[in-house]
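**Student:** Respectively, the protein sequence lines represent chains A and B. Counting in this note's numbering, the first sequence runs from 116 upward without gaps. Counting in this note's numbering, the second sequence runs from 792 upward without gaps.
No lab work stands behind these hints: they were computed from the structure. Worth double-checking, as some hints may not be accurate.
[As the list claims (entries may be wrong)] Label pairs and their calculated CB-CB ranges:
1) A:Val133 - B:Leu861: 16 to 24 Å
2) B:Ala846 - A:Gln279: 53 to 61 Å
3) A:Arg264 - B:Ala936: 52 to 60 Å
4) A:Pro277 - B:Gly829: 40 to 48 Å
5) A:Ala349 - B:Leu799: 36 to 44 Å
[Claimed, not checked] Which chain A residues face chain B? A few, computed with CB under 7 Å, are given here:
6) Val130
7) Ala203
8) Gly206
9) Phe212
10) Pro218
11) Pro220
12) Phe281
13) Val306
14) Val324
15) Ala325
16) Ala328
17) Ser332
18) Ala334
19) Val336
20) Ile343
We put the beta carbon where it would ideally sit given N, CA and C, even for glycine.
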Amino acid sequence: MRKGLLRIAWRASSVLLVLAVWEGISRSGLVNPRLFPGLGAIGDEFVSLFTTGLIWEHLGATLIRVAGGFSAAAIVGILLGFVMARFALFGRLFEPFFSATYPVPRVAVYPIFVLAFGLGHLSKIALVFLECLYPIAINTYYGTRAVDRQLVWASQNMGASPRQVFWKVVIPAASPHIFAGLRIALPVALVIAVITEMIGATEGIGYLVAYAAASLSRAQVFAGVLVIAIVGFALDRAITLARDRFIFWQRPGVAIG
Amino acid sequence: MRRALEALALPLAVIAIWEVLAAAGALPRYVSRPSAIGAELWQLARSGDIVEHAAVSLYRSMTGLLIGALSGIVLGLLSGAIRPVAIFFDPLVAFTNPVPKIAILPVLIVWFGITDTSKIVLIAITTFYPCFLAAYAGVRQVQPAWIWAARNMGARADQVFLKVLVPAAMPHVVGGLRIALALAFILMFASEAIGTAHRAGLGFLVIFAESGGRFDLMLSAIATIGLLGFAADRLLLVAARRVLRWQPEVFRA
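Take these sequences, add in the hints, and give me the full structure.
**Tutor:** Given below as structure tokens:
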């Protein structure tokens, strides 16, 4: 019991230490408190973002972009991954293309997307889609190819139709890999939404933070960063929970891919 | 040979269709055309302009990557090997990892101004995470039997760490470095596009060319960023394959 408490204290210590150091620097007077607002000032600003309702419009815009781009990429990416794995010709055409362009920073085409789709939702959704497509399609492709042959043969032996093999064997067997791809893609979706909003937008959390920085309201910058942090954390929890529910036969927390 | 042709089929087809449609005037002006971009790139390379911008961008991204990757790998390896270190860092990293690090760029700009420092710090923080997590996981997956064997043969703790744990974790570390490298380029572009002092860097060039309507220049700069990202990844793989010669072929490009 005693040991357990000690352990929890030690576990929380790093987070508490960082917060304490922060507050200490802010109070010490060594740094201009306008540059380095204390936790209280940031907290006040965080609360007022919600009480004034300022945050909702921006949060909503960002979430629409994340959800739109991510779900489009999930649908297209999973389908594309299956097609590439099932039809060798597609695999040979697309796989080298994906692996060659994987390290290319695709965010650089954002200015083209702005010219093509404007400054609103569509240019951001398009870039989120493009960035998320890669991990999802590639993980689905390799996951589907890695399905144990014997599982497929066994089900065929027992008289399963190709359709049944696909739905009852291939999809469940590949789903840990597919979820691994989705879990890589979701934080990317938020990162790209925020980046694009900082580069050029009229609303969104990224825009809010960049705007607050430009208008020298530092505490609001930190409060906005806190909102982004919480959203990022919540999205990651959500996809992990979804995975543990959907792939219930695998022990939660097992690292895949 | 046949594989190479197949691999090139899709990109070549896209470029050919792009060129034909652009020549026919069916595409908007901002997508330019491949031949114009090629000519512009050649011009830029000969005058050395693109080299200057690329050098500034690479300085920012590679310095940041070096700091972030080194600290991430060292702390990750130590966390994997020493339990109290892991208990200290694990909650901190687990809590902050899903947070988009780009969000703190405005904070860094408040502290350091629109300088190289704010970009380098941002890239260092971002690249720290995949390196830390990969090095940590790399040490954790080492088979206990190897550690027991080394101890049995009389290895001290530091020898076990340096001669068993670190080499065995290397393939994971390379995987983390690849992710970090890609992130370094993404944040290089993003931070330069958001704000750049003394008008230098590829990200600046993209935004500058766009606002001036010089779409061939804009696409040349984008192509340069893409080529650099691709080349850096290949370079890392070649280096990893050389250093980890004793590993079975795990780093197929």
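**Student:** Evaluate each hint against the coordinates.
**Tutor:** The hints, checked one at a time:
no.: 1; hint: A:Val133 - B:Leu861: 16 to 24 Å; in the structure: holds, 21 Å
no.: 2; hint: B:Ala846 - A:Gln279: 53 to 61 Å; in the structure: holds, 58 Å
no.: 3; hint: A:Arg264 - B:Ala936: 52 to 60 Å; in the structure: violated, 30 Å
no.: 4; hint: A:Pro277 - B:Gly829: 40 to 48 Å; in the structure: holds, 46 Å
no.: 5; hint: A:Ala349 - B:Leu799: 36 to 44 Å; in the structure: holds, 43 Å
no.: 6; hint: Val130; in the structure: holds, 6 Å
no.: 7; hint: Ala203; in the structure: violated, 10 Å
no.: 8; hint: Gly206; in the structure: violated, 10 Å
no.: 9; hint: Phe212; in the structure: holds, 5 Å
no.: 10; hint: Pro218; in the structure: holds, 3 Å
no.: 11; hint: Pro220; in the structure: holds, 4 Å
no.: 12; hint: Phe281; in the structure: violated, 26 Å
no.: 13; hint: Val306; in the structure: holds, 4 Å
no.: 14; hint: Val324; in the structure: holds, 5 Å
no.: 15; hint: Ala325; in the structure: holds, 6 Å
no.: 16; hint: Ala328; in the structure: holds, 4 Å
no.: 17; hint: Ser332; in the structure: violated, 10 Å
no.: 18; hint: Ala334; in the structure: violated, 11 Å
no.: 19; hint: Val336; in the structure: holds, 5 Å
no.: 20; hint: Ile343; in the structure: holds, 4 Å
Of the numbered hints given earlier, the model fails hints 3, 7, 8, 12, 17 and 18; all others are met.
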